[in-house]
Amino acid sequence: MNLGTLARARINQGARALMNYFQRNTGAGSISPDEQPEVFAVTNCYPTRVVLYAAAFQGGWKVHFMKSLPEALEATHSVRPKAVFYDHNVGDPSWDQSCSSFSGEGIPFVLLAHKTSDETFLVVLAAGGYQAWGDPLTSEAVVKAVDFANEVKGLAQVPVL
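With our numbering as the guide, the letters of the sequence shown map in order to residues 13 to 173.
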């Protein structure tokens, strides 16, 4: 077995154990999986996946991992997600256009980043998205970004002079 496969198995095992521990000790899991809102995520990074699993548990969401932003956009035709997460390391050159598309549909688009960049942050804001970042990226930062996006979504648009 190669080292990457072993590491992936360990990370998945740890994530499952962590979720089981929280469910047993916090009384979580009272919401049936059918009632949980869904979020879509596009990432190839296993540590980011673990963070998203933890954030989904904290936020009471179901997370569905997608291979690309066009796949996530297509999936929104049948299921309206609470948010769409995109890991900036995936490297899709047209992510800002997808961000605008999701924002136009009223679906929060959250860019996940492991380091801050003012230029990237401004592109995300200009496209109507939000950024969750940290070194390391934490589940709390992800949950806060989604909560903030949903609060702002309800506010009336204020014209910029």
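Heads up, a few of these hints could be off.
What the hints assert, rightly or not - Using 25 Å as the maximum straight-line C-alpha spacing, the simulated PhoX-like pairs for lysine-lysine come out as follows: (1) 127 with 79; (2) 94 with 79; (3) 156 with 94; (4) 94 with 74; (5) 165 with 74; (6) 156 with 74; (7) 94 with 165; (8) 127 with 156.
No lab work stands behind these hints: they were computed from the structure. Note that the structure is a prediction, hence the values are computed from the model and not measured.
Checked hints:
In summary, the hint linking residue 127 to residue 79 is supported, as the alpha carbons are separated by about 22 Å, within the 25 Å threshold. Of the supplied pair hints, the one linking residue 94 and residue 79 holds, its CA atoms being roughly 18 Å apart against a limit of 25 Å. A distance of roughly 13 Å separates the Cα atoms of residue 156 and residue 94; the hinted pair therefore holds under the 25 Å criterion. For the suggested pair residue 94 and residue 74, the alpha carbons sit about 10 Å apart, so the restraint of at most 25 Å is met.
A distance of roughly 21 Å separates the Cα atoms of residue 165 and residue 74; the hinted pair therefore holds under the 25 Å criterion. For the suggested pair residue 156 and residue 74, the alpha carbons sit about 17 Å apart, so the restraint of at most 25 Å is met. With a CA separation close to 11 Å, the supplied pair residue 94 and residue 165 stays within the 25 Å bound. Proximity of residue 127 to residue 156 is assessed by CA-CA distance (about 17 Å); at most 25 Å being required, the pair is judged to hold.
Checked against the numbered hints listed earlier, the structure breaks none of them; every hint is satisfied.
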